[in-house]
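Engineer: Based on the provided sequences and hints, a complete structural model is requested.
Order-wise, the sequence lines are chains A and B.
Residue 238 in this note's numbering sits at position 238 of the first sequence, with consecutive numbering throughout.
Residue 1 in this note's numbering sits at position 1 of the second sequence, with consecutive numbering throughout.
Be a bit skeptical, because a hint or two may be false.
To be verified - One-sided and incomplete, this derived list gives chain B residues near chain A with beta-carbon spacing under 7 Å:
(1) 147
(2) 150
(3) 153
(4) 154
(5) 157
(6) 161
(7) 170
(8) 171
Hints listed in this document are in silico derivations from the structure and should not be mistaken for laboratory results.
Think of the CB as a built atom: it goes at the ideal place given N, C-alpha and C, for glycine as much as any other residue.
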Amino acid sequence: MSALLAVESLERAFGGVRAVDGASFEVRAGEVHGLIGPNGAGKTTVINMVSGLLAPTGGRIRLEGREIQALAPHRVAALGVARTFQNIRLFSDLTARDNVLVGEHRVRKASLGARLLLLPAAREEERRARGQALALLERIGLADRAHERARNLSYGEQRRVEIARALAADPRLLLLDEPTAGMNPVEVQAVATLIRKVAAEGHAVLLIEHNVKLVMDVCDRITVLDFGKVIAEGAPAEVARHPAVIAAYLGSGA
Amino acid sequence: MEALRDLYLTYQSTLGYIGLNSLLALSVYATLSCGQLALSNAGFMAIGAYAATLLTKEAALPFPLALAAGALLPALVAVPLGLPVLRLRGVFLAIATIGFGEVVRLGIVNWEYVNGAQGIVAIPQKTSLWMIFLAVAAVLFVMARLRGSKWGFALEAIREDEPAARTMGIPSTAYKLAMLVLGAAIAGLAGGLEAHFTFMVAPNGFSFGRVVDMLVFAVVGGTARYWGPVLGAAFLTLLPELLRELAPLVGIEPGPLRLMVNGLVLLAVILFLPNGMVSLPDRLRERRAARRAAA
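Structural biologist: Structure, rendered in structure tokens:
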């Protein structure tokens, strides 16, 4: 299978600190790929570079063979990459539904002229977009909260709205940065099911997660980072047995 | 009938200024709606006022064409201005755009063809009240159609969290530039209308204080709704007129009182109603709900 995303010798230095230090890995179409590692391993830095928010200081990022490391975030998004944020970044004054509508920005084919001239085509397009947003909220189990402002939602609800907002762009690659942090076990299970379904529909998922059980359950393959370097890669069972991974998580003196 | 005519003549200028100030407040609101504090609008207004005036006075162009040119020219100027300065954030953008306004003003002061600091007088009166209010209505219509649309949500997203908005495929620089250009066109239109309403233009009418006025209208009215700036402009334009009537009754000079009251209103709004007059109904509703919950 060919790689959808190829990260090649990626580097990012902050002053003297090399947060990401020559990391390489690939995400294939339709797979759930875990990116794990201890705190400070450079996982979020990798996702920030893939989504274009942060420029690498070295290396390449390819999406279907095309180099994207120098592209602005909205151009990366236009190529079919969507993400969630570790520190939730919903538009807090907008309702849950309107947040998802913002997520649809890239895929909406609306015409400003039609909107200004009150044409029925514009109303039709908006009706469809709102319908899609509500369908996505239904999918993450928040249809009844659609008209609540994002800031009034619970932590777990906010994380789910972020996932819906990212899915609204119909991405080929979905980057999830700790999607279940702060969720209760029921919510975690629901997100795990959702991730599997999303992958089954053909979206590739790159998942950063600290919940080990979730990672083992939903990932097809896992890349382990430590101090910005890839220390292990493979199927969940292989990675869990890997001596370098055990050393990184438990300390090498153990 | 006669009395009504007198009333109209007395308050024609006040009504006109309610409309003109509404346009100016909306021109500042355009960039505020995507979170950018750009203070170049007195400069844009000056460009529009002088362009329209020269076209009617020197080139004898029909008034609508001159007004259109007065809106178009600052909009064109806004593009090369916006491309570099919109990279700046917050107070740095404000400072750079204040600089632009001063460059325009000083350019006019030193331009002999337009009488420098003296300004141009005896401009034909061509602006009627209905033109001003038609312009306000047209701008409000555009703002209303943007709200709740794909583009309106994109602007709100940029205002709340620009990097996050960009990861959703929103080209934020293009949006910010578009709103600067729209604001410039509105300010330029207001400039052309004002010049042909008061029969004169002079550079000291486009000083830093002018853009502060525009910003105060928008802030006092509130920028959470597109009609907030109009509310603020109307209120703060009427206030001095009211004071002029009321002050003598209590035996004070209205002149110095005016600035003081304007300052006090701004202070009161920022302290007690930070989201402006438009947030008053929500505030009262919350209050009542809280009182009911307490009871």
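Engineer: Hint by hint, which ones does the structure fall short of?
Structural biologist: Structure breaks hint 1 only.
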